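Participant: Chain by chain, the residues run as shown.
Number of protein chains: 2
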Amino acid sequence: MSTNKLWPYNAENIHPGFSVDCVIISFHKGKLKVLLNKFNLEDYWSLPGGFMLNSEAADEAAYRILKTRTGLTNIFLKQFYLFSDPKRTIMKQNIDFVERNETTKGEGQWLLRRFISLGFYALVKYDEVKLTSVEGELSKWYDINILPNLYSDHNNIIKTALDTIRTMLPVIPIGYELLPEKFTMTELRKIYENILGKTLDRRNFQRKILAEGYVFQLEERKKSQVYNAPILYSFNLQNRDENFLGKF
Amino acid sequence: MSTNKLWPYNAENIHPGFSVDCVIISFHKGKLKVLLNKFNLEDYWSLPGGFMLNSEAADEAAYRILKTRTGLTNIFLKQFYLFSDPKRTIMKQNIDFVERNETTKGEGQWLLRRFISLGFYALVKYDEVKLTSVEGELSKWYDINILPNLYSDHNNIIKTALDTIRTMLPVIPIGYELLPEKFTMTELRKIYENILGKTLDRRNFQRKILAEGYVFQLEERKKSQVYNAPILYSFNLQNRDENFLGKF
Chain F
0 MSTNKLWPYN
10 AENIHPGFSV
20 DCVIISFHKG
30 KLKVLLNKFN
40 LEDYWSLPGG
50 FMLNSEAADE
60 AAYRILKTRT
70 GLTNIFLKQF
80 YLFSDPKRTI
90 MKQNIDFVER
100 NETTKGEGQW
110 LLRRFISLGF
120 YALVKYDEVK
130 LTSVEGELSK
140 WYDINILPNL
150 YSDHNNIIKT
160 ALDTIRTMLP
170 VIPIGYELLP
180 EKFTMTELRK
190 IYENILGKTL
200 DRRNFQRKIL
210 AEGYVFQLEE
220 RKKSQVYNAP
230 ILYSFNLQNR
240 DENFLGKF
Chain B
0 MSTNKLWPYN
10 AENIHPGFSV
20 DCVIISFHKG
30 KLKVLLNKFN
40 LEDYWSLPGG
50 FMLNSEAADE
60 AAYRILKTRT
70 GLTNIFLKQF
80 YLFSDPKRTI
90 MKQNIDFVER
100 NETTKGEGQW
110 LLRRFISLGF
120 YALVKYDEVK
130 LTSVEGELSK
140 WYDINILPNL
150 YSDHNNIIKT
160 ALDTIRTMLP
170 VIPIGYELLP
180 EKFTMTELRK
190 IYENILGKTL
200 DRRNFQRKIL
210 AEGYVFQLEE
220 RKKSQVYNAP
230 ILYSFNLQNR
240 DENFLGKF
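Going line by line, the protein sequences match chains F and B.
According to numbering that gives the first Met the number 0, the first sequence holds residues 0 to 247 in order.
According to numbering that gives the first Met the number 0, the second sequence holds residues 0 to 247 in order.
Where hints are given, some of them may not hold.
[Unchecked claim] Straight-line alpha carbon distances no greater than 27 Å define the calculated DSSO-like cross-link-like pairs of lysine-lysine that follow: (1) K30(F) / K86(F); (2) K158(F) / K30(B); (3) K91(F) / K207(F); (4) K207(F) / K207(B); (5) K181(B) / K30(B); (6) K77(B) / K77(F); (7) K207(B) / K77(F); (8) K66(B) / K86(F).
None of these hints come from the bench; they were simulated from the model.
Quick caveat: nothing in here was measured; it's all calculated off a predicted structure.
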C-alpha cells in the first residue's frame, strides 16, 4: 500500500466532516459501466473520492480527485445528492480500515469522525477515456449491475445516481453523452433498457425516439461482415432543445 | 432581537462548517413568491435556514428548521445544490453581523468559519400555507422577481433554484404542486411564463399542455361576475406518468 495514501490530506487542511464521491458512468458492449478504484492490498473497491481542501469549492475538489486517481480530465460532473445519514461512515468496515492501516492508525483517527459526502455523477464515452494508473491503485470499469464488494455506503451512492438519472431521462441527453458520434438504434435502446431495468419493444422505441426529433438516420451502415449491417444514427441536439426543453 | 437566536446551536452540537437553506416557492395572483425570514431589527432578509445537529441527516435538519422558523410542516423538500465557494460566507456583512450582535459577538465567533450550504427547494400551494410567527422573527412571501436586500449569497441560491426548476420543467409537475385542484389555463400559463421569463402564446400553450395528456378540462367555470367566466382545468398525474416519464 502506498504510504502517501492520505496525501494531500490532514485534519487541518480539509473542510471538516465533508467528502466527495464520483459515479462515473460509461457504456460498452451493451452494458452500463461504473468506474471503481482499489488500492492493491485492500478488500473493497470504492468510488473515486476524497476530501475538499480549505481552498477549494466542492466541484474543484471532485475534478482534482478524478484527475489524480483515474487520469480523467475535462469531464462534465454534476452534483446529485448529499449523503448525510449520521451513521453512514461509522461502520465496522471503516474502523477496521483505519486501525489496521499503517498510514492511518495514528494520525488518521480523524477519518472516524462523521463525514457527509456529496455525490457527483458523470456520463462519459468509454472509448475516449484513457485510464492512467496511479501508484498502488487500480482503476477499473465494472458492469453497474454486477458490482464487487464496495466500501462504506457506495452501493447506495451508485443506486441513488441511477435513480436520479432515471428520473431525469427526459432532460438528460443520455445517449449523446454515452455513445460515439455514430451509433445504432440497438445501442441507444440498450442504454434506456439498462437505466429503466426492463426490455423495450424495438419498434416502439425507434418510433418514439425518432418522433422526438433529435436523433436522425445517416446514409451509412455500421462496418460489419454481416449481410444486413445495421443503419447508423446521430444526434442533433439543436433539434432537441427546440422540441423539448423549449417546447413552449 | 431574540436572545436565543442561536438556539439550539453551538459549535459542538452541529456538524462543522455546514448549513442548509430552503427556497420555498408558491404562486399567488399571477406571481411566483419566495418565503423569506427576517429578525425584527436586522437589515437583511434571508432564506429560512440553519445548521444540522450531530444527530440529524440534512433533510431532517431542513424539516426541523422550516417547522421552527415558519410553521411549515409536511412539505416536499428537494436538495438541489451544495453552495461551497470558499469565500461565500467570508463577507463584511457577516462579520459585521457577528460582531455587532449581543448573542454572537462572544461565543458566536464560530459563525465566521467557512460554511458550505445545502440548498433545498419546495413547491407549495399558497392557500394551504399557514405561516406562524416565531418570536422576534418575521416570515413573509416576496415576489421572486422583486426581492429585498438579502443576506449573504441568498440571491444566488434563489437564482440557482430557479435555474434548476427551469431545466427540470419537463419532469416536475410544477402546476400540480403550485396550483389548487381546479385552476384556469391562464394561471397555469403564468407559472411557465414566470419560470421561463418570457410571454407565451396563449393558444399554443393551451394546445401543447393539453396534448401532454395530464391536464383535462372540467365541466365547470370559475366563479366570477364576468359574463364569460374562464373554464376550469385539473390534473391527472397518472396520465402524466404514462405519457411522459414512462414514455418508452
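Participant: Against each hint, give a clear statement of whether it holds in the structure.
Facilitator: Do the hints match the structure? See the list:
1. Pair hint K30(F) plus K86(F) does not hold up; C-alpha atoms about 33 Å apart against a cutoff of 27 Å.
2. With a C-alpha separation of about 38 Å, the suggested pairing of K158(F) with K30(B) is violated against the 27 Å cut-off.
3. In summary, the hint linking K91(F) to K207(F) is not supported, as the alpha carbons are separated by about 49 Å, beyond the 27 Å threshold.
4. Simply put, K207(F) and K207(B) have alpha-carbon atoms about 17 Å apart, close enough for the 27 Å limit, and the pair holds.
5. Straight-line distance between C-alpha atoms of K181(B) and K30(B) comes to about 17 Å, which keeps the hinted pair within the 27 Å bound.
6. The hinted pair formed by K77(B) and K77(F) meets the criterion: a straight-line CA distance of about 16 Å does not exceed 27 Å.
7. Only pairs whose Cα atoms come within 27 Å are accepted, and K207(B) paired with K77(F) is rejected, the gap being roughly 30 Å.
8. Under the criterion of a C-alpha separation no larger than 27 Å, the hint pairing K66(B) with K86(F) is consistent with the structure, at around 24 Å.
The structure does not agree with the numbered hints 1, 2, 3 and 7 stated previously, though it agrees with the rest.
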